[in-house]
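Undergrad: Make a model of the complete structure from these sequences and hints.
Number of protein chains: 2
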Amino acid sequence: VTFIGASTDPTKWGFRILANLVDGGYRGKIYPVNPKGGEILGWPVFTSVSDIPETPDMAMITVPPQQVSTIIEECTAKGIQSGVVVTAGFAETGDEKLEQELVDIARKGGMVLVGPNSQGIVNTKHKLYPQMPPIFAPEGHVAIVSQSGNIISTITRQLITRGFGCSKCISSGNEADLHTEDYIEYFANDPQTKVIASYVEGVKDGSRFIEVARETSRRKPIILLKGGESDAGVKAVKSHTAALAGSDAVLQAIFKQTGIIRVNTIYEMIDSALAFLCHPLPQGRRVGIIAAGGGWGVLATDACVKAGLNVVELPPATTEELNSFMPAWWSRGNPIDLVAGIFGEDYFKVIETVMKSPVIDGIILLGMMPALRPIRVTPTMNEEDKKRMQDDIDTGITVAFDRIAEISKIYKKPVVIGSELPALSEDFTQQLNKTVAAKNYCCFNMPHEAATAFATLARYGEYLKQR
Amino acid sequence: VTFIGASTDPTKWGFRILANLVDGGYRGKIYPVNPKGGEILGWPVFTSVSDIPETPDMAMITVPPQQVSTIIEECTAKGIQSGVVVTAGFAETGDEKLEQELVDIARKGGMVLVGPNSQGIVNTKHKLYPQMPPIFAPEGHVAIVSQSGNIISTITRQLITRGFGCSKCISSGNEADLHTEDYIEYFANDPQTKVIASYVEGVKDGSRFIEVARETSRRKPIILLKGGESDAGVKAVKSHTAALAGSDAVLQAIFKQTGIIRVNTIYEMIDSALAFLCHPLPQGRRVGIIAAGGGWGVLATDACVKAGLNVVELPPATTEELNSFMPAWWSRGNPIDLVAGIFGEDYFKVIETVMKSPVIDGIILLGMMPALRPIRVTPTMNEEDKKRMQDDIDTGITVAFDRIAEISKIYKKPVVIGSELPALSEDFTQQLNKTVAAKNYCCFNMPHEAATAFATLARYGEYLKQR
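Chains as they are written, first to last, in the working numbering: chain A, 1 to 467; chain B, 468 to 934.
Hints in this document: simulated from the structure, not taken from any laboratory.
As the structure is a computational prediction, the values presented were derived from the model and not from experiment.
Be aware that a few hints might be false.
If you only want the chain A side, here are some residues facing chain B, beta carbon under 8 Å, derived [to be verified]:
1) Phe136
2) Gly149
3) Thr161
4) Thr301
5) Met446
Computed cross-link-like contacts, BS3-like style, restricted to lysine-lysine with a CA-CA straight-line distance of at most 30 Å [said to hold, decoys possible]:
6) A/Lys356 <-> B/Lys702
7) A/Lys12 <-> B/Lys854
8) B/Lys661 <-> B/Lys823
9) B/Lys671 <-> A/Lys306
10) B/Lys823 <-> A/Lys235
11) B/Lys594 <-> A/Lys386
12) B/Lys773 <-> B/Lys479
13) A/Lys194 <-> A/Lys409
14) A/Lys36 <-> A/Lys78
15) B/Lys671 <-> B/Lys575
16) A/Lys434 <-> B/Lys854
Chain A residues, not near chain B, derived (Cβ > 12 Å throughout) [said to hold, decoys possible]:
17) Lys97
18) Lys194
19) Leu464
Note that the Cβ used here is the ideal one computed from N, Cα and C, for glycine as well.
TA: If you want it as structure tokens, here you go:
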């Protein structure tokens, strides 16, 4: 990788992005370029691209806007075939001519470009992290392409918090040369990628986008967050990435036709991605809700109905079987309220009883505490006791997830969990998230999140069947 | 406090709730009652209520449903004036007669009842935590009344995670005697309470509810989450708390008329509560968005428009002043994209420049990183370096919040922040949340959360003006 515009000034992106490339542990060679020469972060600085002793695979470019064309010319002369232009100040500020010039020079020289106005790219497998923020996601199966760099940062941080990682991140910027659809096409064939997450402000080549999305959706889910829904949002988009946001109604039709999963918030994007990574697709929309708390059951029911799921009546056989071991005052309906009276082995028995009903396509399970031994926390307990108790919870949770995953596998139906992980501190939550993620399982926080995730799985399952 | 139905079995609520009462550090006397006598958790057990040597202020009741009436009779004979009935198996399972019996006996004896089917209550000032889950929220200014106990747990945990606490929590259960509106009326006059959060499945005395809500809303905001919006949800409510959910359209009209702030999710409830605790009310709906990332600005703009806010044009004077120090390629519009080119002192200068514009009623600020010194994180950095760097971030964040709070105070307009706190681990996030909360400030995660919170403030401000 050559880094053109390398700097020793720690406040400049020419230093900060280079530092992330170095710090991230990239194992290949790095060739910083700056007319001043010298050394940066242990790497000798070349005064020009032509001086580099071999042909780099990729050029990171952070020089001022007026110099980018010249640099790209030098890169093509050197035989470099791909470049990431971080530099901003092109179409998004009105200079479309300068932007087109870059593309023309690059194409003539056989070079493809990411950006301009890109935050950088990430390839976790190669420990390649030349991007603005110092975020080093572990390897994972979510590929991200986003017309906003900061939204990549948010998505990545959220994935890490939940115990997950990603395969590739592309901050596509103004998309002067390569477009979102080009990256999606690449992700479709990328063995590291199982789910594609994309933030899009506008699509430049509509028909190709549709073609690629349709082709990709039958193999991997594409989750899309659209920026610029409102008139004010469209205006903001114009000055952000110069994208033409287009009519939202038209886009909505395109999304439906191509199987794209549209989400409304970044939270929904993360929840959907984890749902696809961790759960089988349900055969339909009929959901059984099991709640260790009546209020959670009510909220999940409302959210399910809103999301188009069917909270079906339990068949008599299921109700009868539950009667045999549920407390006398249980609700005898769906949602199944555990009425603060079901613990331990019975908890799993409820799940299995509902799961085997032929009218149920999957379960939303709210609350994990009944699976654990009762705990006594005190506000004044010492660190040692806290640690011991957390270990106890941790073991219990691990066993519970194993049991639930097993039931899900036997019946080939998803069990989507909505529960706060019972951690004594945020630090433990992080640890628990990792434990759960290592089992390729996930845990949503809130009832409405579990419902939305289930609905996403169901809709994608229906799309695949229609195809 | 007398605890009737006390148990030594750690799997029973008669032990677990009592343990939370003891562990929570309640400083008054505790009188466990169980016919078997003995000692539990260091307190001698009385074989009957009549044997207690003084008149307790309150009775916690966890005996089986058929025994509750008798116990209440004994309590009234003893002169006890308030009771919390945890026991379930009354109206919610169809036994309305048994439930009415409790109320009749209690009223005849001059005793008020919480529940039945209550999870318990909390009063943080008195360290009184007799409730099912071992959650010990610190003192704070949010009062919670909820027809679901588990939703109280979720709200409380979320408040704690964000660094906040609560004043009182009431799990009102079936509301056979005291209703949601009674608790709201009490909270209206409670000096510890600044914001009221309520989860409601149904209202039993509509006209009194409206009267109390109207009277309370002019003094303190009431944030309400309604369970049972859908037909399936209404059915779930019936078997949960036996509440009559009523027509959602009618309720919506009532909420509007009474100034109640209706939220759709628990996240929105928490965000709204923190917004009220930490921000002044804006004078109108005109918002300035400052984003350290174009995508965040676009998403916030869409969310603002959806929430009924007005992302106004910047007046020429503001644009000109910003021109004087913003990078040449800045967007010259609202949202104001900091285009990865504004750091340190200039960051606060942007905030102040926008703040002083007369067309702006408040600011949504996305991203805190530009306020901090550039940092170099590496995936392999040692614990000591991590700690040192986090201290550095922590200090920077503290200073930044102070500066922003000061600007907010000078111009008497809210600056609602949406930013991931730049922490190196979840543990530090918790710490940062506490630091921020200690300053009576809060930080939302996502652009749409900041927008929703701002809109909530604006709507409540309008309601107060109309009154």
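Undergrad: Would you mind marking each hint as holding or not holding in the structure?
TA: Status of the hints after comparison with the structure:
The beta carbon of A/Phe136 is positioned within 8 Å of a beta carbon in chain B (closest approach about 4 Å), and the interface hint is therefore held. Restraint check, A/Gly149 versus chain B: the minimum CB separation of about 7 Å is within 8 Å; hint holds. Contact between A/Thr161 and chain B, as hinted, is supported at the beta carbon level, the nearest pair being about 6 Å apart and thus within 8 Å. Given the 8 Å rule on beta carbons, the hint for A/Thr301 holds: about 4 Å separates it from the nearest Cβ of chain B.
At its closest, the beta carbon of A/Met446 sits 6 Å from a beta carbon of chain B; the interface hint therefore holds under the 8 Å criterion. In summary, the hint linking A/Lys356 to B/Lys702 is supported, as the alpha carbons are separated by about 24 Å, within the 30 Å threshold. A distance of roughly 24 Å separates the Cα atoms of A/Lys12 and B/Lys854; the hinted pair therefore holds under the 30 Å criterion. About 29 Å separates the Cα atoms of B/Lys661 and B/Lys823, which keeps this hinted pair within 30 Å; it holds.
Distance hint between B/Lys671 and A/Lys306 is fulfilled; the C-alpha atoms sit about 26 Å from each other, no more than 30 Å. A distance of roughly 24 Å separates the Cα atoms of B/Lys823 and A/Lys235; the hinted pair therefore holds under the 30 Å criterion. Taking the CA atoms of B/Lys594 and A/Lys386, the gap is about 20 Å. The hint holds against a cut of 30 Å. A hinted pair counts as satisfied when its Cα atoms are at most 30 Å apart, and B/Lys773 with B/Lys479 does not qualify at roughly 48 Å.
As the CA atoms of A/Lys194 and A/Lys409 are separated by approximately 19 Å, the hinted pair is consistent with the 30 Å bound. For the suggested pair A/Lys36 and A/Lys78, the alpha carbons sit about 20 Å apart, so the restraint of at most 30 Å is met. Distance check on the hinted pair: B/Lys671 and B/Lys575 sit about 21 Å apart at the alpha-carbon level, within 30 Å; holds. Of the supplied pair hints, the one linking A/Lys434 and B/Lys854 holds, its CA atoms being roughly 22 Å apart against a limit of 30 Å.
Every C-beta of chain B lies more than 12 Å from that of A/Lys97, the closest at about 15 Å, which supports listing it as non-interface. Every beta carbon of chain B lies more than 12 Å from that of A/Lys194, the smallest distance being close to 23 Å; the non-interface claim holds. For A/Leu464, the shortest C-beta to C-beta distance to chain B comes to about 27 Å, beyond the 12 Å cut-off, and the non-interface label holds.
Violated hint for the displayed structure: number 12, the only one.
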